[in-house]
Structures are given as C-alpha cells and as structure tokens.
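Enquirer: One line per chain: the protein sequences are A and B, in this order. Numbering (this note's numbering) for the first sequence: 1 to 282. Numbering (this note's numbering) for the second sequence: 1 to 283.
I should point out that these hints are in silico values taken from the structure, not numbers from a laboratory. Fair warning: there could be bad hints in the mix.
[Stated by the list, open to error] Cβ-to-Cβ under 10 Å is the rule here; a few derived chain A residues that face chain B:
id	residue
1	ILE179
2	LEU201
3	ALA245
4	LEU249
5	PHE253
[As the list claims (entries may be wrong)] So these bits of chain A aren't anywhere near chain B, every CB distance computed over 10 Å:
id	residue
6	PHE59
7	LEU80
8	TRP98
9	VAL176
10	VAL185
11	ALA259
[What the hints assert, rightly or not] To spell it out: a stretch of chain B is covered by chain A in this simulated footprint if at least three of its residues, at any positions, have a beta carbon under 8 Å from a beta carbon of chain A; those stretches are:
id	segment
12	104-115
13	208-218
14	247-254
Cβ atoms here follow ideal geometry from the backbone N, Cα and C, with glycine treated the same way.
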Amino acid sequence: MWLSNMLAHDFIRNAFIAGTGIALASGLTGYFLVLRGQVFSSDALGHVAFAGALAALVFGFDARLGLFAFTIAAAVGLGLVGARGRADDVVIGGFFAWVLGLGALFLTLYTTSNSAANGTKGINTLFGSIFGLSHPEAVAAAWIGAVVSVAVVVMARPLLFASLDQAVAAARGVHVQAISLVFLVLVGITTAEATGAVGALLVLGLLAAPAGAAHRLTSRPFRAMWFSAAFAILSVWLGLVLAYAAPRLPPSFTILTVASLIYLIAATIGRVSRRWENNLPV
Amino acid sequence: MFDSLNQIFTYHFMVNAFRAGTIVAIAAGIIGWFMVLRRQSFGGHTLAVVAFPGAAAATLLGVSATFGFFAFSISAALIIAIASKRGGQPGAALSEESAVIGTVQAFALAAGFLFVSLYHGALNGVNSLLFGSFLGINDSQVVTLLIVGLISLAALAVMGRPLLFAATDPDVALARRVPVRMLSVAFLVLLGLAAAEVSQITGALLAFALLVLPPATAQLLTPNPVLSITLAVAIGLAVTWLSLIVAFYSPYPLGFFITTFAFAGYLLALIWRRSARRRYVAQ
Chain A
1 MWLSNMLAHD FIRNAFIAGT GIALASGLTG YFLVLRGQVF SSDALGHVAF AGALAALVFG
61 FDARLGLFAF TIAAAVGLGL VGARGRADDV VIGGFFAWVL GLGALFLTLY TTSNSAANGT
121 KGINTLFGSI FGLSHPEAVA AAWIGAVVSV AVVVMARPLL FASLDQAVAA ARGVHVQAIS
181 LVFLVLVGIT TAEATGAVGA LLVLGLLAAP AGAAHRLTSR PFRAMWFSAA FAILSVWLGL
241 VLAYAAPRLP PSFTILTVAS LIYLIAATIG RVSRRWENNL PV
Chain B
1 MFDSLNQIFT YHFMVNAFRA GTIVAIAAGI IGWFMVLRRQ SFGGHTLAVV AFPGAAAATL
61 LGVSATFGFF AFSISAALII AIASKRGGQP GAALSEESAV IGTVQAFALA AGFLFVSLYH
121 GALNGVNSLL FGSFLGINDS QVVTLLIVGL ISLAALAVMG RPLLFAATDP DVALARRVPV
181 RMLSVAFLVL LGLAAAEVSQ ITGALLAFAL LVLPPATAQL LTPNPVLSIT LAVAIGLAVT
241 WLSLIVAFYS PYPLGFFITT FAFAGYLLAL IWRRSARRRY VAQ
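Can you build the whole structure from these sequences, using the hints too?
Expert: Structure below.
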C-alpha cells in the first residue's frame, strides 16, 4: 500500500528507472575497477565530470554534452598514459587536482555571470538530483546504463583475463591495450551518466562500495561481478525508499549510506568466514 | 611593484592569509613528500575531502569548524588504517584498500551534503568549504594551524628515517624490526592532520594539489631526499604566495591559481626531466 503510494509519484518512478540502469552499469564496471586497482582513476573521472559539466554551462552548452565529452576524453587520456606502463597515481592525481581547479574557476564564472537562481546547478552537479530527473532523462539514463552493462558482460571474459595476467593474456592473443581503453571509456560513460543522479563526487561510492563488498564475499570472478551489480541496485532501491520515507534526507546520502553499510557487513562476514575456514578464533 | 605588494599587507586578512598559507605550504610540502614516495595519493585526497563533512558537521553542531576539520580527518585516517589492515590475502591488499578508501571518500562527501542540507540557508557556504576562501582567516586560526603544523612536523622528524626505510624497502625494513605496520598507521594520521590544515585554505577538494604537486615536482628534479624535501617546500611556498597575490587582484578563486601554478611547475619539471634523459642517452 505504502509502496504503491510511493510509486504513484512520477519523480519516484523516474528515479527508479534511471537509478536501476545506472546502478547496474556501476556495479558491473566497479567490479573490474576494484579488481584492476583503478578505483583512483574512476575518482579522477568523477572530478573531470564536474569540471566538464560546468565548462559546458559557462559556454552556453547543455551540461550533458560537457559531461560526456570531458569524461570520455579523460578516459581515453588515462588509457593512453596507462598503455606505456601503468598510469602513475601521482600523474593522475596531479592532473585531476588541476582539473578540479578549473572546475572551481568555471563555477565562479558561471555563478557570477548568471542570476543567483542558477546557483544550485553547481551543487546539483556535485551531489546529484535524482528526484529532479524528467521522464526522457530517466529513460535515456536507463538505456545508457543497459548498453554499458551489455558491453561489459560481452567483454567480461577477455577483460578478466587481461586484468589477472596481462602478459599471458597478450600471449594468447587478447588485445590487452584495446580492451583496457574500451573499459575505461565505459567507466567514463557510466560516470557521466551517474553524475546527473548521484552527483560527480559520489559516483565513486557506487563504483567502489558494492564492488568492494563483492570482492570480500567471494573470490569467484563471475559470481562476484553479479554480486556487485546486485549490491549496487539494492543500494539505489533501498536508498530511494529511505529518502522517500524521510524527506529531510537527500537521496544521494541515503543511497551512499546503504552502499557503505553493505560494504561494512560484507567485510565483517568475509572476515568471520575466512577465520572459520582457517579454524581460527572468530 | 613593491608599493602594490605593500598595499596587500595593509589588509590584516591578507597578512593572515600569507601566514596561514606559509604554514600550510611547509607542512604540505614535507608530509606530502612522504605521501608521494609511499604512493598514497588516493588516501591523501580522501583525507582532505573528509574535511568537508567535518566542517559542515561542526557548523551544524555550533562548534568551531577547525575542530571539525581535525576530528574528521583523524577519524578517517584511523578507519582507512584499520580497514586496510584487515584486507585479506597479501595479493589482494592493494585493490581492496582502494575500495575501502573510495567508499570512505564517497560516504564522507554524502554525509557532508546531508549536514549542509540539514543546515538551512548555508548553501553558499558549500562552495567555500569545497573550493576554499582565504578572506576570513582569523588570528586564532593561524595559531592553531601553527601549533598543529609544528606538532606533526616534530612527529615526522622522529619517524622520518624509519619511514623512508619502510617506504623504499618494506621487506628489509620488516626484517630489521622496523615497526612497518605501526609506522604506516602513524603516517596516515599525520597525513590526515596535514590534509585538514591545507583544506582550511584551499578548500576540501583542492587541498590535494598542494600535497601532491610540489613534492612530485621535487622528486622529478633530484633523487637526493634532503634536497628534494627542501625543494618541495620551496615550490609549495612559491606557488602559495604567488597565488595569493594574483587572487588578491583578480575575481577568480584562489584554488584555481594554486592548482594551475602547481600543475604548470610539475609539467615544466616533466619536460626538463625528459630532455635531460634524452641528452644523457645521446652522450
């Protein structure tokens, strides 16, 4: 009864449509990000998304154009730098610190050149506004999420191979560099799409927490991948219900809280069961 | 030129900004140098970002923001240290640690957003918490920055040598009974303190630039540790002072100038290093 009341609202339905697609894509890509030790790169992409959205707004374009253009370009850049030896975390960090500085500049330019009414745009880009999505936006987000997810599932096997043992995979004819590049671009698309829902700064949580939880629970790759997707979807669904039940709590916060709790529970279970298997005191 | 510089120092808030900037640049240069050496950029960035919920929570509770900065950064440092210690098999340690750090960072930012939205009417304050403001630094804040900076540098002076040892060769250090595990926890706490200090000047999102870029530039220029640390501090100071002067005369945010000057220095060092290597190979 209460649930059907909730789902009668258009903005809630849109949030569920968009959120499910985004969560599926984040859960699947997140699994590989954690496996490959590239969580920091995805953090960088989130910050690039913020700068991109504001740059587009300053120059009078649609924010989404800036989002996708900047994140995909940055993903290709990271992929190319990574191709010559692993992308150094100092290089990534230094570059995206500067990109954030640019974001701060664009934010100032945007808020000073427009009326104060638009001041919330910057905040929304950073922290998301999943309850503010229109129906076409939500459907687009769901489609993009679905396409990214299918792409990840299709390339899952060679990607896994390339992530676990790059040298052997290359010897067996896997195009390691091409696969890494395509994967980073998929992460960039996920980041850009998720920015509208949970915000450029919080995408990282949807990518890292469900995947981290899955890695703690099982070491079987494909099972962990689907666990990660399920945890991400669960975080978004529970988070939306919580935010609806407690209107003072922003949905981005409830989603991230559920995701972090899942990680905490999974880490505890993983630890206890590992001790159990090794016959150690729990 | 000197007249206009003197003009800056007739404003008390600019004097305080220079004092605070100097303290912060020195602490960030030295502690950041070890951070870069230990490849903990992601951790450093996260500890800096945590300053945002810290300050927002302090505002909500009505206590001093400075207290919130330090309390949250130190707690986050301890959480990361404990969680990554429990990370299972040795091989998986690195990626599991990054998942922990990512989760902590995103949750901290979400919590900060919650605090800000619970505290009505402070939405404009978000931008200064995230991207910094150097206009409102008061005398007592400068004193706090100085005391915390001195304490953390004193702690680093005590553990600097074993820390350098543990960072360059952890296995040998462990065999020589260097308490590697305890050192890394202690260092994370120091990094948290430094990150909280920088955040108060540059804002939570940009603090990272001062922690990573000057030390990374210095490490490109020379392999000698003492020279390199000195250089990191010098670059940090130059970047901060120059940025404060430029920001004073321009309508744009301080953080933009700090990140841009620091990144430009890093790029120059990269190019210099490349050409030096090419010359060496040519000989």
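Enquirer: State for each hint whether it applies.
Expert: Checked hints:
Interface hint at ILE179(A): violated, since its Cβ lies 18 Å from the closest Cβ of chain B, which is beyond the 10 Å cut-off. Look at LEU201(A): its Cβ gets to within about 5 Å of chain B, closer than 10 Å, so that hint holds up. Because the closest C-beta pair between ALA245(A) and chain B is about 15 Å apart, greater than 10 Å, the hint is violated. With its C-beta approaching chain B no nearer than about 7 Å, LEU249(A) sits inside the 10 Å limit, and its interface hint holds.
Interface restraint check for PHE253(A): the shortest CB-CB distance to chain B comes to about 4 Å, inside 10 Å, so the restraint holds. Chain B leaves PHE59(A) outside its interface by the beta-carbon criterion, the shortest separation being 16 Å against a cut-off of 10 Å. Consistency note on LEU80(A): stated as away from chain B, and its beta-carbon is indeed over 10 Å from all of that chain's, at 16 Å minimum. The beta carbon of TRP98(A) sits about 4 Å from the closest Cβ of chain B, which is not more than 10 Å, so the claim that it is off the interface is violated.
The beta carbon of VAL176(A) sits about 18 Å from the closest Cβ of chain B, which is more than 10 Å, so the claim that it is off the interface holds. At the 10 Å boundary, the C-beta of VAL185(A) stays outside the reach of chain B, the nearest C-beta of that chain being 20 Å off. At roughly 7 Å from the closest C-beta of chain B, the C-beta of ALA259(A) falls inside 10 Å, breaking its exclusion from the interface. For the segment 104-115 of chain B, the assignment as covered by chain A holds, since 8 residues bring a beta-carbon within under 8 Å of that chain's beta-carbons and 3 suffice.
Coverage of the segment 208-218 of chain B by chain A holds. Counting CB-CB distances below 8 Å, 5 residues qualify, and the rule asks for three or more. Evaluation of the coverage hint for the segment 247-254 of chain B: fulfilled, as 3 residues show C-beta separations to chain A shorter than 8 Å, against a requirement of three.
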